[in-house]
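Asker: Build out the structure end to end from the sequences listed, making use of the hints.
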Amino acid sequence: MTSLSATLAEPQSFSLVEKLLFLLLVAASGVLFWRRFGPILRKILHSRKDPDFHLSPIGRRVWDFFWEVICQAKVIQQRPLPGLAHAFVFWGFCAFALVTLNHAAVGLGIGFLDPASWIGRTYFYLADAFAIACAVGIFGLFVRRFLVRPRWLGSKVSWESGFIAGLIFVLMVTYLGAFFTTDAAPTARILWWIHTLTLLIFLPLIPHTKHLHLVLSPATIFLSRDGFSQIPPLVGDEDFGLVTGKDLTQLVSLQAYSCVECGRCSEHCPATNTGKLLNPKEIILGVRAYLNEFGPASDEQLLGKHNSQEAVFQCTTCGACEFQCPVGIEHLPIMIGLRRGAVNTGAWENDYGGKLFNQLERGSNALGISALERDKFIQKTELPIFDGTQEYCLWLGCMGGYDPKGREIIASFARVMNYLGTSYGVLKKEKCTGDPVRRLGNDLLFQQLAEENLKALAQNKVKKIVSICPHCVRTIQEDWKAYGTPPEIEHHSEFMARFAGRLPKQKSDEKVVFHDPCYLGRYRNVYDEPRELVQLSATLVEAPRHRERSFCCGAGGGLAFLGEETGERVSHVRAQELVATGASTVGTACPFCNTMFRDALAASEKPPQLLDIAQLVARGLPPVAPTSNGVSKA
Amino acid sequence: MKIIVAIKQVPERDAHIRIDSSGKWIEESDVQYAMNESDAYALEEALQLREKHSGEVIVVSAGPERVGTTIREALAKGADRAIHIDCNDLNQRDALGVARLIADAIRPDNADLILTGLQSDDLGYGQTGVILAELLGVPHATLILHVEKTDAGLKVKRELEAGFFQEIELPLPAALTIQSGGNKLRYATLMGIKKAKTKEMRVVTAAALDGAPVAVLDGIAHPKKQRSTQIIPGDAKQAAATLVEKLKFEARIL
Ligand code: SF4
Ligand code: SF4
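Chains as they are written, first to last, in the working numbering: chain Z, 1 to 634; chain P, 1001 to 1254.
Errors might be hidden in some of the hints.
[What the hints assert, rightly or not] With a Cα cut of at most 30 Å, we get these calculated BS3-like pairs of lysine-lysine: (1) Z/K355 to P/K1002; (2) Z/K355 to P/K1157; (3) P/K1184 to Z/K429; (4) Z/K246 to P/K1194; (5) P/K1155 to P/K1002; (6) P/K1224 to Z/K428; (7) P/K1184 to Z/K355; (8) Z/K276 to P/K1024; (9) P/K1024 to Z/K455; (10) Z/K49 to P/K1184; (11) P/K1224 to Z/K429; (12) Z/K464 to Z/K428; (13) Z/K246 to P/K1195; (14) P/K1157 to Z/K455; (15) Z/K380 to Z/K463; (16) P/K1155 to Z/K376; (17) Z/K455 to P/K1197.
Don't read these hints as lab results, they were simulated from the structure.
Here the structure is a predicted model, which is why all the values come from computation and not from measurement.
Answerer: Here is the structure:
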């Protein structure tokens, strides 16, 4: 036996029979691969073109590809250990591409990488290292899947995954084994054949199993939409969202076939975690099953056999799924697309939803309260009216204008702005931004609300908006773009953080746990600003799930207006987690989170106090002299 | 069953209202408009009846061009076609005048059932539907929450005061004024709006119809705010005496 310093053994002089047999097997393997992969590719290509797709900016795509595919960053970030194991398997595969090509060429007597040359030697050693890492990696993944069995992988044991893991292991071992033998030894020939057969079995299995992602996911990541939860425009008079197979776009179909069933999306989904019907992974697999059964030209309803309307309307649009998915699947355009299909055609019948829509068709706010109440609040709080001369328009939103807690947040934030000497004013009339109806898929109503608001803002010559509600911020900045050019907007946490140096600072031991609102964190990438503000007056503690992995409060996606949930309440699960940190105060930065927690915290034994970051900041401001009518003003 | 629903476009709830220079109406450019609430329920009732018994739902609305948006909303929710009575002085006409316009416009259609909201949210006469029935010579019932078609005609449920209800039967053709809240309203959909574009909307001008009003509107006014502060002069004793006097004879609360 030779030592590892030896070269890779390559069997020499294959007989004609061997060569023919080899070619035959290659052909068979290729045909089997294509018989399954061809139809999948055709289904993707025959899907409707994405109306808003454009390749530019290419730089972003190249970067995503480099970071998420080549570096495997997302896979590792979200689940470090298995992620690393996966990365090694992937890198092993890449390093192996050349080896495999050469391996096949050897079979035909035309090997091009001479193991004895210095290039060959270096490369094969390099591949060696990867082969070991890959073998260890795949073994680790095997142990995890079959012995540890995290529940996200589903209760069904996937034997095909085990088999494939076995194949990969054999590939690596047969490669490594060839270093311990010589070219002429029969072992070399046996190893070569085992290696070859394993490869040829592996190839057709790819499109038959979730290993299809090996082929598709690099493309999926490269082609994914720019931006988070990017909802495509509806085009023409026949487009109502995702109604039938005809509405599935190439991106949706490509994504549906790319899912590796890893369950990261379900692991973080607030609906799945509280016993709802919705499971984001199953939604994606449902679309795939639809494509398999009916194809992209079918008139069959998408919400029917393979996906249920009930599940789709349980989504809070928290975006955890889309954020987590390692293969670039964008759940939100699909989820909201399916809702659009149901709402825009009137198929969705829901008492609460119908009431919300009717309220916004004829009224001004999602809470269904008389607009006069907003006027009264503005008067009582002495909020200045925007007249075009001020720098900022303070957007009240439905919660800030009508909800008691939301009004407290506005009043506190107004104090902060007064203290900073900011010039601002509120609009005399405001309508709901349309966030809940946008997420529920009512395009008619959303367009109406967006256009009316855009008109009012233009008439009032508003240039900059600041808002206490991440939902308003997102909707105004991103979603309104479909109907005009919205003014610049920022969240009050960003605004206050810019002036942090001028805000009072008194460190204390008070422990504040900050809850990242989905629409501020994942949607807007704002994590540090609110934390900075919390730390002006308190000690920050973190919940187990925070920042990018924050767990939803349950209000998003219009769900705040849809009545009682089935199963456990999302807000209660999150509230318990926040209470368990031992913090005496829960800090929020969204009026919706605030209402959800107000009720949920009340259920706990010693409820911590609940304050918006504006309130946390405002309480440190010097007391102000009461004005003539008794309302305090800084 | 051929059903006609008379709908009105009214200023949106909570609209800030200013009186225009003529003093006879409000400044229209200030306000946004919506479908009168009880008319929306009348439309819903009509659509549900059609879904159960088939037939046709025709909406009719009088007013200036802007009424078109409310008509389109009705078509989007499912009405089959519409008649727009183009009329720029609707608010100056009394209930008889408006009912005459509508009666004239819909007479050729010979509907089985005429529905309308029980009153408008702006002028609130509450008579148009009733007069309409009289002009067309059909029986009517008011304050209807629920309509059921029977072999003989209709069975309807009326809402009385203090939580009482009354059920009555009447033959067809008939006219009903509908109370809000009897049904759940459907929402307007994008598909509905797109379909509405292809539906027939016949415009008739008010001048071509008989719609002469009898009562003439003189003017409108904001409710007077009844708040006045008086400072009573004099020393405490004297002021107290004046206060008692005023409370007795001016405010009449003593
Ligand atoms: S957006 Fe949130 S609630 Fe909706 S499916 Fe994804 S993880 Fe679940
Ligand atoms: S959708 Fe993405 S995150 Fe969810 S199971 Fe599939 S690959 Fe994993």
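Asker: Next step is simple, just say for each hint if it's right about the structure.
Answerer: Hints versus structure:
1. The suggested pairing of Z/K355 with P/K1002 holds, with an alpha-carbon distance near 28 Å, which does not exceed 30 Å.
2. Restraint check for Z/K355 and P/K1157: the C-alpha separation of about 23 Å stays at or below 30 Å, so the hint holds.
3. With a C-alpha separation of about 28 Å, the suggested pairing of P/K1184 with Z/K429 holds against the 30 Å cut-off.
4. A hinted pair counts as satisfied when its Cα atoms are at most 30 Å apart, and Z/K246 with P/K1194 qualifies at roughly 19 Å.
5. This hinted pair checks out: P/K1155 and P/K1002 have alpha carbons roughly 17 Å apart, not beyond 30 Å.
6. A threshold of 30 Å between alpha carbons decides the hint, and for P/K1224 with Z/K428 the separation of about 23 Å falls inside it, so the pair holds.
7. Distance check on the hinted pair: P/K1184 and Z/K355 sit about 8 Å apart at the alpha-carbon level, within 30 Å; holds.
8. With a C-alpha separation of about 58 Å, the suggested pair Z/K276 and P/K1024 falls outside the 30 Å cut-off, and the hint is violated.
9. A threshold of 30 Å between alpha carbons decides the hint, and for P/K1024 with Z/K455 the separation of about 29 Å falls inside it, so the pair holds.
10. About 39 Å separates the Cα atoms of Z/K49 and P/K1184, which puts this hinted pair outside 30 Å; it is violated.
11. Restraint check: the Cα-Cα separation between P/K1224 and Z/K429 comes to about 24 Å, which is no more than 30 Å; the hinted pair holds.
12. Restraint check: the Cα-Cα separation between Z/K464 and Z/K428 comes to about 16 Å, which is no more than 30 Å; the hinted pair holds.
13. For the hint linking Z/K246 to P/K1195, the alpha-carbon distance of about 20 Å falls within 30 Å, and the restraint holds.
14. Among the hinted pairs, P/K1157 with Z/K455 is inconsistent with the structure: their alpha-carbon atoms are about 44 Å apart, more than 30 Å.
15. With a C-alpha separation of about 26 Å, the suggested pairing of Z/K380 with Z/K463 holds against the 30 Å cut-off.
16. For the hint linking P/K1155 to Z/K376, the alpha-carbon distance of about 45 Å lies beyond 30 Å, and the restraint is violated.
17. Restraint check for Z/K455 and P/K1197: the C-alpha separation of about 24 Å stays at or below 30 Å, so the hint holds.
The structure shown violates the earlier hints numbered 8, 10, 14, 16.
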